[in-house]
Each structure stands twice: as C-alpha cells, then as structure tokens.
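Protein chains in written order, with my numbering: chain A, 1 to 287; chain B, 1 to 317.
Worth flagging that the hints you see were computed from the coordinates, not collected in a lab. Any given hint could be a false lead.
[What the hints assert, rightly or not] Pairs of lysine-lysine, DSS-like flavour, derived with a Cα cap of 30 Å:
#1 136(B) <-> 185(A)
#2 133(B) <-> 185(A)
#3 132(B) <-> 105(A)
These numbers come from a predicted model, not from an experiment.
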Amino acid sequence: MSKPSLKAGPTVLPNLPGSIAQVGVMTKYELLTYFRSRRFFILLIIGLIISSILTAVVAYYGVSSFASNALGFYSFWWGNSVTLVVILSGIFFGGDAISGEFQNKTGYFLVGNPLRRSSIYVGKWIAALTASLIILAVYAAIAVGNGVYYFGASIPYQFGESLVFSVLYLIAVLGFTFFFSSLFKSSSMSILVTAILFLFAFSLIQLIVSSLAQIEPWFIITYGAGIIGNVLTDPYPTTQSVRGGFSGREATTLYAVSIPEGIAILVGYFVVTAIIGLLLFERKEFT
Amino acid sequence: MSSPSIEAVNLSKRYGSFSALSNLNLKIEGSKCVGFLGPNGAGKTTTLKLFTDMIRASEGKALINGISVHENKKKALASVGSLIESPEIYPSLTPREALSMVAEIRGMPRSERKKKIEEVVAEVRMEEWLDKKVGKFSKGMKQRINISAALLSEPEILLLDEPSTGLDPRGMSEVREIVKSLKHKNRLIFMSSHLLNEVSDICDEVAMIDHGKLLVYDKLNNVVSRFSGDGGEIIIDVGLSRDIDDQTVTKNISSLTGVVSAERLETKSLRIKFSGNLENQERLLSDLVALKIGLVSFHPSSSALEDTYLNLIKATL
Ligand SMILES: Nc1ncnc2c1ncn2[C@@H]1O[C@H](COP(=O)(O)OP(=O)(O)O)[C@@H](O)[C@H]1O
Ligand SMILES: [Mg+2]
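Using the sequences provided together with the hints, build the complete structure.
This is the structure:
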C-alpha cells in the first residue's frame, strides 16, 4: 500500500484505509440512508401489523385454541410467519441493492473512488443484514412477549434453534437477492423478480417437485428453510411414505427436511449466490 | 516524488461491433491542465470511464502513475479525484454526510474532515446547503457538490468529464475559475469538454478526439499553428484611442512581420489578418505599440483554433 511520505502538500500519497475499513464505511452510510428511508419503516410497520394481528387473534380466541404448550405456541406463531418477515426483508433491502446503484446513478458517486467494488457490495450487504436483523429482533421480541405471557418465562430451547435458523435463512435470502439485484440494471425489475421468486415461484416448484415428481426438493431454498418450523415440532417430522392417491393404494412420499440438510441448503445458497453476485458486480460496467 | 501521470496504451473500447474508442495512445505527465476536446459522442466519457475502471477495456491499458487502473484500482486511484457523468448523491444524505463518506473512504484523518468539507463546499458556493438533504437539490447544485467531492481529498490528478454541464452561465464560469485556480496547486487536470472556448480558456494543452480516435495532442498554440490552414492565419482586432488614417494602415501596419492584411473597420479600430505563433504575436503587439498609433486593445480571436477543431473533426467523417 501507499507509504507515508514526508513531503507536504497534495503530492503526498494518501493513506488509504484497508478494504475492511472501507466496508465499514459503506455499511455505516448505507445504514444511515436506510434509517432515513421510508422502506425501513414500512417494513417495521408490516412486522408490527403481523404481530398485532397474531396478538389480537390469540387474545380473542384464547391461546388454547392454538397451542397446548409453549413449544406448540412458538410453532404456531413463529414457525408459521417468520419466513414471511425474512422474505420481505430480503426483498425490501436486497431486491434493488445493486441495481438501484445503476438505475439511480448513485453508484457513479462511489465507483470513481479508490475502493474495491467488492467493498461496496459487502458493505451494503452487511447494512441490509443489520437492518433486517433489527426488524427480526422486534418481531421475535413480540413473539416471546406473548409466549412468556401465556406459558411463563421458560422458553423452549427449540425456539432458540429456530431463531438461529431464521437468521441463517435471512443470510441466504439476502445473498440471493443481492445476487439477483446485480443481474439487473433496473430497480423495479429486480424487486419484482425476487418478490415473485420468493413469494410464489419457489414454493410452487417445491410443491410440484415433491408431490408430483416425487423428488426431494433439496435444491430449493424454501425447502431448506423448512427447518425453521420443523425444529418447533415435537417429534421432529421425518420423510415418510403414506398411502394416498385416488385408489388409496399408491404410496406418496412426504418430504421433511432434516436439520443438517436444511443447514447445508441454506449455507450452500448463500455461498454460491454471494460468489456469483460479487463476480457479477465486479464485472458490471457503469456505462 | 515523480510527477503525476496518466497514460493510455492501445486503449480500445467496443460495444458490440461499434468502436467507441479505438487504439488510444496518450501520455500526459506533470502538473498541467489538458483539455479533452471533441464533439458529442466522440468517446470522451468512454475514455474517462476506462481511467476510473467504470468500464472494462476491450484492448489495451489505462495507467495512472504507471499503475494499471483495472488491475489495481485502489492503488491507481488513490490520488485521483474524478467527476464522470454527473452522478447522483444518495438523496437522503446531506452534502456534509455524502462528503464525509468520501472522506472516510479515502482515509482523510478525522481531525481534518470537518474543515476540509466546509472548505470545498465553500469553494463551490454551497455553504448554505451543507446540511440540507441532497434529494431536493437542482441538477446544478448536485453538480457543484460532485465537484467538491472530486476536490475533497486534494488529489494530485483530477479527471473531469464536462464539469460545467448542468450549470447556469454563472456556475459555468465559477467552475472554470475553480479549475484555473487548481492549476496553481500543482495538479494534473484532464478535463473533457465539447466547448472549444472552455478548453482554450482554461487549458495549457489540448487532446482532440472524434469518432473514438485521437486527432492531435499538443500545446494549445502549437495545435493552432500546426493545423490551421496556410500556416495559421488568425484575425486580430485592434482598438485605438484616436483616429487612424488609411495610409498608416496600408503602409506601416501591412508591412509588419506576419501581417497578411490589415483593414480599417471604423476610424478607431483595425482588423489584422495575421499568420504566426505566439512569439510572433508578441512581436506584432510591440511593433504596434512602437508605431504610437494609440493602441488600447489587442484581441486575437480564437477562430483559428475553432477552424482547426472544425477542420480536424470534418476530416474524420
Ligand atoms: N453502453 C453503450 N452501448 C453502446 N454504445 C455506447 C455505450 N456507451 C457509449 N456508447 C457510444 O460510444 C460513443 C462514445 O460515447 P461517449 O464516450 O459517451 O461520448 P462523449 O465524447 O460525448 O462523452 C457514442 O457514439 C455512444 O453512443
Ligand atoms: Mg460524455
């Protein structure tokens, strides 16, 4: 790197910060723009609305209509809804993270500076993760608040696991949405495509592959995310053959993802999409 | 420390089969201002984007201080400030915050940041707006902030792509003054423009480009004398404090060195067709003074450079 020179004036080579420090700067200012943006608060409000609806429904119908013990309660509350919060975070913060820099021309303000493209990408990614974690934390806090209110302070350890898996899922989803956003140069296009993928397409493919084609859908990210809900089910669901079909004689397999499988799928998705996304952004031209 | 340099080696950029820049070889070294002149679509922005690694070269290399921009962008751009294609600034940030981001990325010590930011913002006359969100700024105001961002770290090399676009006439002349003032601070300035008078006003040297090809790179006055037709005739308008008679014009002035022809426009003004370089012009001026005809003004028109520019551009069609 540049050596400090004793010479005064503008000819002194500046002491550039290392790439990691530059990532930190990117994260800091990206978060600043998040906290000033409508998007962050809209997502926060969506999280609060989902939480309020659940709170109201449970209060109105009585908790016993939904769960008989603490684990069942977290399964009903958290296991069913947190993936939506994760997916919305991915779309809100990742959907146009990179494409927006092109479409809005804000990227041109940064790329002419002495920093690696990857520092921009990683810095923005960490900011998106941080903002999403804040939303997720608020959402988890309300779930726990209700759980403690109805079933006391002893929170089942499975909820802790589920929480960790949710964060892992969030990491994978953000990896994926960042990758997709670096495929496009239009914000709305990349947001639309990621939304369609996560809200419909993946689940649909998963359904078709598993129930019609009878193949374990290990290559679908949403299948891997199944561990978030599965871990809250006692006993842990397993893949099983059931008699079904019209005649009642055909055997149908119901696939359940195991914890190691689920972790592998989510980590795999993150690693692959992060690498491709970074490479795409490195090569992308600011024309 | 060696003097700052930028160099293009066989630099080419194609978009599909279209050649936006072909085989540019250009080395600029030392503290000076070089105008990069060419009509719209000539390849100026393309060149500057190659020098900041915003796009990849199809062939060749862009070097800054001998370092390949593409291979080692961080090091190559360490002492470069650039303004290319009027970027947008994050609308929810204030100029102070946006410039702090740049300062932090470039490793400006915390103790200097506040002062430097206020200084450059004052230089582009945006002090009043320092803490207002950029989102509501006009194009010209954003361009001023972009200029201040390029100047912020006192880079020894400045790459400016039509810096005065989007500015009103007053803004344009302010930007020109800023660039001129930088010349006294030992900077290498490479500034693109499609405006001839902008380049001839500010720069010491000019590189002309059209259809992706470099036409000429030389000192401003050399370009004129080398390329303008018939040894470079230029028009010089001369103003006098008192009347002049025809005879002085035809006899005394017409016979001065380099004068092709001289005519009286009104009683107190002359138009001289002149051929020669800057030194000859200097001599003509002193000859005219020596004639004691009441010389009060001496305006060589820039039309020679303009003719050169137009001729060169026409030649590549
Ligand atoms: N992304 C692109 N795809 C195709 N052609 C391009 C692209 N960018 C620039 N060009 C073409 O390259 C030529 C040079 O453009 P540019 O360098 O922007 O010119 P200027 O001298 O006006 O800055 C123009 O003809 C332009 O149309
Ligand atoms: Mg241009």
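Hints and how they fare:
1. Of the supplied pair hints, the one linking residue 136(B) and residue 185(A) holds, its CA atoms being roughly 24 Å apart against a limit of 30 Å.
2. Distance hint between residue 133(B) and residue 185(A) is fulfilled; the C-alpha atoms sit about 25 Å from each other, no more than 30 Å.
3. Proposed proximity of residue 132(B) and residue 105(A) is supported: the alpha carbons are some 20 Å apart, at most 30 Å.
Every hint, counting from the list given before, is met by this structure.
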